[in-house]
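Participant: Sequence:
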Amino acid sequence: MKEKIKILSELSKIRITFFVMVTTGFGYIAAAEMFDLNFLLVLLGVLLLACGSASLNHYQERFTDALMERTRNRPIPSGRITSKSVLEISVLLILAGIVLLFIGGNILSVLFGILNLIWYNGIYTPLKRKTSLAIIPGSLVGAIPPVIGWVAADGNLFSLQILMISFFLFIWQIPHFWLLLLVLDGDYKKAGMPTLTGIFSKNQLARITFIWIIATAISSMFLPLVELVETEIVKYLIVFSVILLSINSIKLLKYSEENNSIRYAFRNINFFVLFVISIISFDKLIL
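Under the numbering used here, the letters of the sequence shown match residues 1 to 287, in that order.
Think of the hints as simulated: they come from the structure by calculation, not from any bench.
There could be a bad hint or two in this list.
[Unchecked claim] Straight-line C-alpha distance at most 27 Å; calculated DSSO-like pairs for lysine-lysine:
| no. | residue 1 | residue 2 |
| --- | --- | --- |
| 1 | LYS130 | LYS235 |
| 2 | LYS84 | LYS4 |
| 3 | LYS130 | LYS190 |
| 4 | LYS202 | LYS254 |
| 5 | LYS13 | LYS254 |
| 6 | LYS190 | LYS284 |
| 7 | LYS202 | LYS190 |
| 8 | LYS235 | LYS284 |
| 9 | LYS84 | LYS2 |
| 10 | LYS189 | LYS251 |
| 11 | LYS130 | LYS84 |
| 12 | LYS284 | LYS202 |
| 13 | LYS202 | LYS251 |
| 14 | LYS6 | LYS130 |
| 15 | LYS235 | LYS13 |
| 16 | LYS190 | LYS84 |
| 17 | LYS189 | LYS202 |
| 18 | LYS130 | LYS189 |
| 19 | LYS254 | LYS189 |
| 20 | LYS13 | LYS2 |
All values derive from a computational prediction rather than experimental measurement.
Go ahead and model the full structure; you've got the sequences and the hints to work with.
Facilitator: Dropping the structure here:
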């Protein structure tokens, strides 16, 4: 049983899918300024849908996973589970997620959930084998979950608030991925996947990524401008976190092959996004 749970956890990419659930909850709270039973159903539905999508991705990339050092011990290439079983698990998770999302949300939230599934598994996954710039359209995958939460809470789809939330999360994913690329570039090349290091040197890519990190930081400062933040202290905390992230990211301008600055920057930008989401949610619920 312990091994089965471990396999399911790996197939679900639980650390990533959990964050998808968090951003969905952020969208719901931003619209409703509260949480209830429907909130929990929507979160669980999105989590199951995201886990199903992640499992389907394992099935889609089972051959390239076998070629990469980082992924060759994943459940399918390591032989711990058959590809057929993974496909069956992914279908069950997706269907369960859709049902819960419909019960807790509405048909619009279900449609956005299905759109995200199609975009990730049907568009981004095959596209990244063809172009090193796939992450740019692929970043829509991270921008859609808060929209699911927002419309599930009956928020106006064309509100500037949800558009800015989605834009913020869209921008963040690009440096997030490129920081990973700077560490795992060799693995991607081994699997025959195109990478930006075929166009830019790692030093150049580190500097470009620094610019995108600054863009992510600046985009967070638009959140208070669309009235997502009500208290002054939260506004100051966002400004402080922007300054801190910007200063700490300067190390990327002096990139070295040791990758210490890259790992440090990767941790910082992810923590920054989680911090901004958390304090705005707290502001909506408590203050």
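Participant: Look at each hint and say if it fits the structure.
Facilitator: Evaluated hints:
Distance restraint check for LYS130 and LYS235: the Cα-Cα separation of roughly 42 Å exceeds the 27 Å cut-off, and the hinted pair is therefore not satisfied. Restraint check for LYS84 and LYS4: satisfied, since their Cα atoms lie roughly 15 Å apart, inside the 27 Å limit. Distance hint between LYS130 and LYS190 is fulfilled; the C-alpha atoms sit about 15 Å from each other, no more than 27 Å. For the proposed pair LYS202 and LYS254, the alpha carbon gap of about 11 Å is at most 27 Å, so the pair holds.
Taken as a hint, the LYS13 and LYS254 pair is broken in the structure, with Cα atoms around 32 Å apart against an allowance of 27 Å. Distance hint between LYS190 and LYS284 is unfulfilled; the C-alpha atoms sit about 46 Å from each other, more than 27 Å. Distance hint between LYS202 and LYS190 is fulfilled; the C-alpha atoms sit about 17 Å from each other, no more than 27 Å. Between the alpha carbons of LYS235 and LYS284 the distance comes to roughly 13 Å, so the proposed pair stays at or under 27 Å and holds.
Taken as a hint, the LYS84 and LYS2 pair is honoured in the structure, with Cα atoms around 21 Å apart against an allowance of 27 Å. With a CA separation close to 26 Å, the supplied pair LYS189 and LYS251 stays within the 27 Å bound. At roughly 26 Å between alpha-carbon atoms, LYS130 and LYS84 fall within 27 Å of each other, so this suggested pair holds. Under the criterion of a C-alpha separation no larger than 27 Å, the hint pairing LYS284 with LYS202 is inconsistent with the structure, at around 41 Å.
Our distance criterion of 27 Å between C-alpha atoms is met by LYS202 and LYS251, whose separation comes to about 14 Å. About 32 Å separates the Cα atoms of LYS6 and LYS130, which puts this hinted pair outside 27 Å; it is violated. Straight-line distance between C-alpha atoms of LYS235 and LYS13 comes to about 33 Å, which puts the hinted pair past the 27 Å bound. The straight-line distance between the Cα atoms of LYS190 and LYS84 is roughly 26 Å, inside the 27 Å bound, and the hint therefore holds.
With a CA separation close to 14 Å, the supplied pair LYS189 and LYS202 stays within the 27 Å bound. A distance of roughly 13 Å separates the Cα atoms of LYS130 and LYS189; the hinted pair therefore holds under the 27 Å criterion. For the proposed pair LYS254 and LYS189, the alpha carbon gap of about 24 Å is at most 27 Å, so the pair holds. A distance of roughly 17 Å separates the Cα atoms of LYS13 and LYS2; the hinted pair therefore holds under the 27 Å criterion.
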